[in-house]
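Visitor: One line per chain: the protein sequences are A and B, in this order. Just so you know, we're using the working numbering here: the first sequence kicks off at 1 and counts up by one. Just so you know, we're using the working numbering here: the second sequence kicks off at 338 and counts up by one.
Keep in mind that the hints are not guaranteed to be accurate.
As the list claims (entries may be wrong) - Listed below are the simulated SDA-like cross-link pairs for lysine to any residue, each with C-alpha atoms no more than 20 Å apart in a straight line:
1. A/Lys-133 with B/Ala-372
2. A/Lys-133 with B/Ser-650
3. A/Lys-133 with B/Val-637
4. A/Lys-127 with B/Gly-502
5. A/Lys-133 with B/Arg-371
6. A/Lys-31 with A/Leu-72
7. A/Lys-127 with A/Arg-249
8. A/Lys-127 with A/Thr-320
9. A/Lys-31 with B/Ala-372
10. A/Lys-31 with B/Ser-650
For the record, the hints were derived by calculation from the structure and aren't laboratory data. Keep in mind the model is a prediction, meaning the values are calculated, not measured.
Chain by chain, the residues:
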Amino acid sequence: MMPLVRYIARRIVFVVPQLFGIVLVSFFLVKLIPGDPAVMMLGPTASAQSLAELRDKMGFTKPLLEQLTHYLADVARGDLGTSWQTTRPVTEDLFQRFPATLELVTFGLLLAIAIGFPLGVAAARLKRGVTRKVADYYGLLAGALPDFWLALVLIYVFYTVLGWIPAPLGRIDMAILPPPTISGSLVIDSLLAGDWEALRSSLGHLALPVLTLGLINAGPILKMTQSMTERTLSSDFVRYAEMCGLPRRVVLRQAVRAALPSVVTIISVLYGFLIGGAVLVEIVFSWGGAGQYAVQGVLNADLNPVLGFVVFSAVLSLVTYLIVDLIYFALDPRLRA
Amino acid sequence: MTVGTRFGSDAAAPATRVDAPWRRRLRFFFAVLRARPSFAVGYAIVGSVILVAVLAPWIAPFDPLKADPSVYLLPPGGRHLLGTDGAGMDILSRILYAPRVDLTIAVLGTLVSALAGGAIGAIVGYYEGQRAWRRALSATVMRSADVLQAFPVFVFAIALVAVFGQSVRSIVIAIAFVNVPIYLRLMRSQVLSIRQLRYVEAAYVAGASDLAILWRHIIPNAIAPLVAQLSINIGWSVLLTAGLSFVGAGVVAPTPEWGSMIAMGFQNVVTGQWWPSVFPGIALGLTVFGFALVGASIEVLADPARRRILSGSMA
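In isolation and in its complexed conformation, chain A is listed as follows:
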């Protein structure tokens, strides 16, 4: 147990300054965005006096350094400020929206793993043949297609032409009452509530965005699985196992197991990337996720949501990396020494 604790403690020591740097950079970046929130909030007809009052009240007249220390103190207390678009605290807004993004990204990546991993292992085992060709071209093609375009094509096929899927608006039918919030994931919540109608509707809304993310992100997972399995398959211990006459399936299982840490790494990197990177798919499906919230913030000079999103997603990806470290610990016996 001790090495594990030491390992995690060392990680956290590195994480804190990094987090500080992220907040610092995003604070100054966001402050540089032109556009006066006071004008946006009160409209073009507001008097100069009320504008000045509002600016003063929001602290925009203070020196930047003082604004920064204020912000940092607030963040440390978990207060990310207020969004003038929704007129609600950003923390509340984000807690409402992040589950939507996480549900989308998690299911999308699970599908990507289900496609990419077996195909990658199969392609690594075969030097030639159809599977190999399919894997090679799939890897390149998946990285070349824009996800928002693929989402539109899927909408056309499955909604407009075939009509199998409900209209691509939001996470659940307007007419259906969403289940009581427990985990924030509509699928899990409706399962917990035993609400089959809500479950069917939320699964229907989830299908296309998840399919989009799954098809696109299976590419990198496939490539990594393939190249790492190929490497371990040509390594000495596999040759030794083959020489000993172990059955092919046992040897393959050993080789794949040795390739797993790198595959876990690419999955975690994708997860961190998609928390902010799924925003285009969110927009196409009017998903109402956190990325969409942040983009709206940038486009409307609503600064607090942008900052809050960056802080939130940075913390989330750091948590992801921490979990990945724990998985490494389980997978790689050398770390436990």
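Following the hints, put chain B in place on chain A, whose structure we already have.
Guide: Same frame as chain A, but now just chain B:
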């Protein structure tokens, strides 16, 4: 007689005519394309995209900006080969004009990031682990790169565009910014491993200055992976540009650009007119695919070990 001997073994045969080195290289290149047809496809795609970008005014059948409301949303076929969009603009002409914007942004953005990232990476890699303040400097640079990479790329890019104002120049800056850490890391790791080779030590003993060693001996040997990355990255930057335009933070609407064309056709797709969005997406995907293939081919050709395997399989 001795001209060609460095490049191949068949130069030893006295009967063969001695070619200039560049012709041997060209012949090797075509042999590689024959052995790996997918590379040829990549070069063909990239070549034709560049050609289309240059020749757009002569090959486009219509003015890409002329909106004719009397022919809006015509299906593909007939006078408008790929149909017209919701404003009555010819889709084919707009697709042909689009690489002018998309490629310019992507190529400029990646070039800037490769130059900046490569230069910083080379210096950091060369001085790393030497005297105390230099070590501190390289540690600071690497940690800053960590911070830069920890940002959500897309939101970061949108914020940068917002800061610099919505223009082609800002998109180039945003793309350069988000790509710098990639080249920084790549160049640093290359320099770190080349720095300790014998010929670098020899140059040092001979009294060459740090700058001369870096410029003449290390960088020429470290640059190949960067060039491969450059090609892959151009494709990726085209995707990012299109994404920015799609949310309305990139190229402004009537300018022909693939991402904004897809965005303009968004509402039409739901009601059944697929062509305004689908065709630009295919053009975009093909372009990125082509640059990825070219990048893969450079990766193979620049790596002596993999090149040897390739020429072995060609013989």
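Visitor: For each hint, tell me whether it holds in the structure or not.
Guide: Status of each hint after checking the structure:
At most 20 Å may separate the alpha-carbon atoms for a hinted pair to count; A/Lys-133 and B/Ala-372 meet this at roughly 15 Å. Only pairs whose Cα atoms come within 20 Å are accepted, and A/Lys-133 paired with B/Ser-650 is accepted, the gap being roughly 18 Å. Simply put, A/Lys-133 and B/Val-637 have alpha-carbon atoms about 18 Å apart, close enough for the 20 Å limit, and the pair holds. For the hint pairing A/Lys-127 with B/Gly-502, the CA-to-CA distance comes to about 51 Å; that exceeds 20 Å, so the pair is violated.
This hinted pair checks out: A/Lys-133 and B/Arg-371 have alpha carbons roughly 17 Å apart, not beyond 20 Å. At roughly 14 Å between alpha-carbon atoms, A/Lys-31 and A/Leu-72 fall within 20 Å of each other, so this suggested pair holds. Among the hinted pairs, A/Lys-127 with A/Arg-249 is consistent with the structure: their alpha-carbon atoms are about 17 Å apart, no more than 20 Å. A C-alpha spacing of about 35 Å is found between A/Lys-127 and A/Thr-320, which places the hinted pair above 20 Å, so the restraint is violated.
Between A/Lys-31 and B/Ala-372 the CA atoms are separated by roughly 55 Å; this puts the pair beyond 20 Å, and the hint is violated. Restraint check for A/Lys-31 and B/Ser-650: not satisfied, since their Cα atoms lie roughly 58 Å apart, outside the 20 Å limit.
Figure legend: structure checked against the earlier numbered hints; hints not met, in rising order: 4, 8, 9 and 10.
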